[in-house]
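Just so you know, the sequences run in chain order A and B. First residue of the first sequence: 1, per our numbering; consecutive thereafter. First residue of the second sequence: 1, per our numbering; consecutive thereafter.
None of these hints come from the bench; they were simulated from the model. In this text, all values refer to a predicted model and were calculated from it rather than measured experimentally. From the three backbone atoms N, C-alpha and C, an ideal C-beta is built for every residue, glycine too. Keep in mind that the hints are not guaranteed to be accurate.
[Stated by the list, open to error] Derived lysine to any residue pairs resembling SDA-like cross-links, with alpha carbons at most 25 Å apart:
| id | chain 1 | residue 1 | chain 2 | residue 2 |
| --- | --- | --- | --- | --- |
| 1 | A | Lys237 | B | Pro408 |
| 2 | B | Lys237 | A | Ala169 |
| 3 | B | Lys321 | A | Glu177 |
| 4 | A | Lys237 | B | Asp34 |
| 5 | B | Lys292 | A | Gly284 |
| 6 | A | Lys321 | B | Asn366 |
| 7 | A | Lys321 | B | Pro408 |
| 8 | A | Lys321 | B | Arg217 |
| 9 | B | Lys237 | A | Glu245 |
| 10 | A | Lys292 | B | Arg217 |
| 11 | A | Lys321 | B | Asp34 |
| 12 | B | Lys237 | A | Gly284 |
| 13 | A | Lys237 | B | Pro429 |
| 14 | A | Lys237 | B | Gln318 |
| 15 | A | Lys292 | B | Ser362 |
[Unchecked claim] Which stretches of chain B does chain A cover? Using the computed rule of at least three CB atoms under 8 Å from a CB of chain A, they are:
| id | region |
| --- | --- |
| 16 | 183-191 |
| 17 | 202-212 |
| 18 | 234-240 |
| 19 | 284-291 |
| 20 | 309-315 |
| 21 | 397-409 |
2 protein chains.
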Amino acid sequence: MSDLAPVLAVIDANLDQSLARLFDLMRVPSISADPAFAKDVRRAAEWLVADLKTIGFDASVRETPGHPMVVAHHAGPAGAPHVLCYGHYDVQPVDPLDLWESDPFAPAIKDLGAGRKIITGRGSSDDKGQLMLFVEACRAFKQAQGTLPCAVTMLFEGEEESGSPSLKAFLEANARELKADVALICDTGMWDRDTPAITAGLRGLVGEEITVRAANRDLHSGEFGGAAANPLHILAKILADLHDETGRVTLPGFYDGVEETPPEVLKMWEDLDQTAETFLGPIGLAVPSGEKDRSVLELVWARPTAEVNGFAGGYAGQGFKTVIAAEAHAKVSFRLVHRQDPAKIRAAFRDFIRARLPADCSVTFNPHGGSPAIQLDFHSPLVKKAKAALTDEWPKPAAIIAAGGSIPVAGEFKEILGMDSLLVGFGLPDDRIHSPNEKYDLSSFHKGQRSWARILAALGA
Amino acid sequence: MSDLAPVLAVIDANLDQSLARLFDLMRVPSISADPAFAKDVRRAAEWLVADLKTIGFDASVRETPGHPMVVAHHAGPAGAPHVLCYGHYDVQPVDPLDLWESDPFAPAIKDLGAGRKIITGRGSSDDKGQLMLFVEACRAFKQAQGTLPCAVTMLFEGEEESGSPSLKAFLEANARELKADVALICDTGMWDRDTPAITAGLRGLVGEEITVRAANRDLHSGEFGGAAANPLHILAKILADLHDETGRVTLPGFYDGVEETPPEVLKMWEDLDQTAETFLGPIGLAVPSGEKDRSVLELVWARPTAEVNGFAGGYAGQGFKTVIAAEAHAKVSFRLVHRQDPAKIRAAFRDFIRARLPADCSVTFNPHGGSPAIQLDFHSPLVKKAKAALTDEWPKPAAIIAAGGSIPVAGEFKEILGMDSLLVGFGLPDDRIHSPNEKYDLSSFHKGQRSWARILAALGA
Numbered sequence: 001m002s003d004l005a006p007v008l009a010v011i012d013a014n015l016d017q018s019l020a021r022l023f024d025l026m027r028v029p030s031i032s033a034d035p036a037f038a039k040d041v042r043r044a045a046e047w048l049v050a051d052l053k054t055i056g057f058d059a060s061v062r063e064t065p066g067h068p069m070v071v072a073h074h075a076g077p078a079g080a081p082h083v084l085c086y087g088h089y090d091v092q093p094v095d096p097l098d099l100w101e102s103d104p105f106a107p108a109i110k111d112l113g114a115g116r117k118i119i120t121g122r123g124s125s126d127d128k129g130q131l132m133l134f135v136e137a138c139r140a141f142k143q144a145q146g147t148l149p150c151a152v153t154m155l156f157e158g159e160e161e162s163g164s165p166s167l168k169a170f171l172e173a174n175a176r177e178l179k180a181d182v183a184l185i186c187d188t189g190m191w192d193r194d195t196p197a198i199t200a201g202l203r204g205l206v207g208e209e210i211t212v213r214a215a216n217r218d219l220h221s222g223e224f225g226g227a228a229a230n231p232l233h234i235l236a237k238i239l240a241d242l243h244d245e246t247g248r249v250t251l252p253g254f255y256d257g258v259e260e261t262p263p264e265v266l267k268m269w270e271d272l273d274q275t276a277e278t279f280l281g282p283i284g285l286a287v288p289s290g291e292k293d294r295s296v297l298e299l300v301w302a303r304p305t306a307e308v309n310g311f312a313g314g315y316a317g318q319g320f321k322t323v324i325a326a327e328a329h330a331k332v333s334f335r336l337v338h339r340q341d342p343a344k345i346r347a348a349f350r351d352f353i354r355a356r357l358p359a360d361c362s363v364t365f366n367p368h369g370g371s372p373a374i375q376l377d378f379h380s381p382l383v384k385k386a387k388a389a390l391t392d393e394w395p396k397p398a399a400i401i402a403a404g405g406s407i408p409v410a411g412e413f414k415e416i417l418g419m420d421s422l423l424v425g426f427g428l429p430d431d432r433i434h435s436p437n438e439k440y441d442l443s444s445f446h447k448g449q450r451s452w453a454r455i456l457a458a459l460g461a
Numbered sequence: 001m002s003d004l005a006p007v008l009a010v011i012d013a014n015l016d017q018s019l020a021r022l023f024d025l026m027r028v029p030s031i032s033a034d035p036a037f038a039k040d041v042r043r044a045a046e047w048l049v050a051d052l053k054t055i056g057f058d059a060s061v062r063e064t065p066g067h068p069m070v071v072a073h074h075a076g077p078a079g080a081p082h083v084l085c086y087g088h089y090d091v092q093p094v095d096p097l098d099l100w101e102s103d104p105f106a107p108a109i110k111d112l113g114a115g116r117k118i119i120t121g122r123g124s125s126d127d128k129g130q131l132m133l134f135v136e137a138c139r140a141f142k143q144a145q146g147t148l149p150c151a152v153t154m155l156f157e158g159e160e161e162s163g164s165p166s167l168k169a170f171l172e173a174n175a176r177e178l179k180a181d182v183a184l185i186c187d188t189g190m191w192d193r194d195t196p197a198i199t200a201g202l203r204g205l206v207g208e209e210i211t212v213r214a215a216n217r218d219l220h221s222g223e224f225g226g227a228a229a230n231p232l233h234i235l236a237k238i239l240a241d242l243h244d245e246t247g248r249v250t251l252p253g254f255y256d257g258v259e260e261t262p263p264e265v266l267k268m269w270e271d272l273d274q275t276a277e278t279f280l281g282p283i284g285l286a287v288p289s290g291e292k293d294r295s296v297l298e299l300v301w302a303r304p305t306a307e308v309n310g311f312a313g314g315y316a317g318q319g320f321k322t323v324i325a326a327e328a329h330a331k332v333s334f335r336l337v338h339r340q341d342p343a344k345i346r347a348a349f350r351d352f353i354r355a356r357l358p359a360d361c362s363v364t365f366n367p368h369g370g371s372p373a374i375q376l377d378f379h380s381p382l383v384k385k386a387k388a389a390l391t392d393e394w395p396k397p398a399a400i401i402a403a404g405g406s407i408p409v410a411g412e413f414k415e416i417l418g419m420d421s422l423l424v425g426f427g428l429p430d431d432r433i434h435s436p437n438e439k440y441d442l443s444s445f446h447k448g449q450r451s452w453a454r455i456l457a458a459l460g461a
């Protein structure tokens, strides 16, 4: 850490220049979802390649069937770890344009008073502002020291806002080149303006569409009601049976691989001051559902779920139709944690349904998703170093949190490259990503550069 | 009964003339659902009035907000009972026209061989062929005896195929005029070609739409899954709880007023040779659902049900969406028997749902239907006389059966006029009513006239 002070000083001194570079990148309307902007997407990639070259990266635009990737390499000291920094340079569409207070592609600084300034414009937070943190941290190391503390590969994607259709094949095709010791992902948020966060857990997902069939046609409930099987009854019973009265999921073997969260982590989450009231109040609820005697944060971050995402059957339009439908349909998903096995859970769910089906009824399945959870060891050197580095930078100690949903790229890094991901980002809940008037706090942009410089130094130490 | 033989002889002798009259009526395309045929509907009513006048009825076309009613009165012997004969002279639309083997409004006789002849054309069975049985039976009495055995009121409706929108108000407005000792309804079928049937029971109906609401908006199941109430889970549990493992409905008080069917009636139904295999096989099922240890006929004719007719919630389109929906919707109906009280069952159902609702969730209800069952006393003189009269006419004894669905007019006669209905009809399962190539067996038309003559004589005796 002895040589970090000059690096941080360069970051502080060069803030205006780094902002100017971010603004250059933000002016390119790299909307990946709209084919009309394909050339702009490419232009953003080319801008990044040119900028990375100025700080000594071996950088190139790399083709995919869709928008290109940016890949850049820089060596590190002998024996230092190799990190892969991931971000995405494409942005969300901007409509409805009339809700923007200023041109989404004319970035600006806005002073909110009380010492708070924000960067306004599309991509300021998601994700151009965040990916440039990596670039600026490396630039500062180069300027202050002439070297980086680690070997660094940059991988910047141009299709993240369109579902990353080319990512998996690109990782597979370039696995040897892209494999590093750890991935650093900057596409998440802080806990609050004073508290940085490391997202150490991401729930996995298994989805299954099921269709239960009984009679060979819709029936009149007067003629057949009481004698003919009703697939809506059968499906309702199956779905109701998925949870017991304590909120636990009843699939045999469902909790295999689920670990209890360490007491000190639960204590840390408790200190985050998120209560059932603050968590559920804004959505109009008061009582946590799911397993009893667990905090809302534990429920959404560290416990698995079975969730019915949709069902349909029979007549559900205006008025009434006394029909016994021939079939009923549901979509069910399971959020997984820790070492739960998606394939085993899918199989257990299918067995669970088949066991509840009358002999003359049938079921068909259509699988969706199927990714395990990602969970960093809370006590690993990676997490400890990152936490210490962030705690040095911000007013409050870094929180080690989790996310209830998946972040696909982290899953693919794990699956294809066998690489853990450290998810640290500086977005704030009021950044309005994907919405009009997106912004990024200037402090996120400034202290975010310093944060990554500290983390890179810690990992390289 | 001594004077019935000449009446039956007149019916036999005049079969061709009665067919000619039916054909005249059938040539009028009295499709009530299509406004383009409104004049034809009226023309059919006028034809009936004119015909009834020829046999001494005080007949008139009576206006309603929709299509007119035909009402006609004829006095009977002093002290004889007063019967109201109900039928409908409107017919179903005829499309798709290209599936008809002959013009639906050009009635004809078709010889199927083996002594079987049919009347082809729209309305032959439903219900012009059946309502003319009343008219022709009365005509034969007049011709043979100059009198009718009972006082007879004819009520022929012109909107039955359009949901009878004017019927209730018409009955209420003319209750004093229309009230009789019993209604005779000819709009049902025989058990088989040799076995006439008296429909002595009709299940009632209570319908309820329910919407369960939890959060104030749709939620992401990653962000909130495990902590936020899912209304699809709540609704599935409610619907699953409606039946116990023996197939009984679990609503408190649901079986109040339900009687066990007399053993001799169960024996009669058993002799009808309808098994689970013959009843469920054609719809692709094998195992009766519903209450255990009861025959399929008892289940659909004499046992009440709770049936989910539709449900919908969350995302049910193509693909998958990991949403926790804000609300879930279901339509549930109850088929009632004997003396079950629709209002009590609706209230019990609402209480049942409220008792299963988490404190921060809500439910709204939208009632549909609400009619009690209709059940004639199997041992009443009415049923006994009709059964004996029919048994005299047909190869096999009359079956006293029930219908799983309601026949609204019977409910309205009971509710508004306090009058039981005797439902006897001569349709056959292969009559293709509501479909192309509707037909009515000539034997139904001939022996149907004789059957009603026998019943009228028996009631008047």
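Sort out whether Glu177(A) lies within 25 Å of Lys321(B), counting only the CA atoms. violated (34 Å)
For a C-alpha distance cap of 25 Å, please report whether Lys237(A) and Asp34(B) respect it. violated (43 Å)
Coverage of the region 397-409 of chain B by chain A (three or more Cβ within 8 Å): holds (count 4)
Quick one, are Lys237(B) and Glu245(A) close enough, alpha carbons at most 25 Å? holds (11 Å)
Next pair to validate is Lys292(B) with Gly284(A); report whether the Cα-Cα distance is within 25 Å. The hint is violated at about 43 Å.
Are there three or more residues in the region 202-212 of chain B whose C-beta lies closer than 8 Å to some C-beta of chain A? holds (count 4)
Next pair to validate is Lys321(A) with Asp34(B); report whether the Cα-Cα distance is within 25 Å. holds (22 Å)
Are the Cα atoms of Lys237(B) and Ala169(A) separated by 25 Å or less? violated (43 Å)
Run the distance test for Lys237(A) versus Pro408(B): straight-line Cα separation, threshold 25 Å. violated (33 Å)
Can you take a look at whether the region 309-315 of chain B is actually covered by chain A? Rule is 3+ residues, C-beta closer than 8 Å. holds (count 7)
Would the hint linking Lys237(B) and Gly284(A) be met if the CA-CA limit is 25 Å? Judged against 25 Å, a Cα distance of about 22 Å means the pair holds.
How does the region 183-191 of chain B fare against chain A when you require at least three residues with a CB closer than 8 Å, holds or violated? Contact hint for the region 183-191 of chain B vs chain A: violated, 0 residues under 8 Å.
Going down the numbered hints, you'll see the structure goes against 1, 2, 3, 4, 5, 8, 13, 16, while the others check out.
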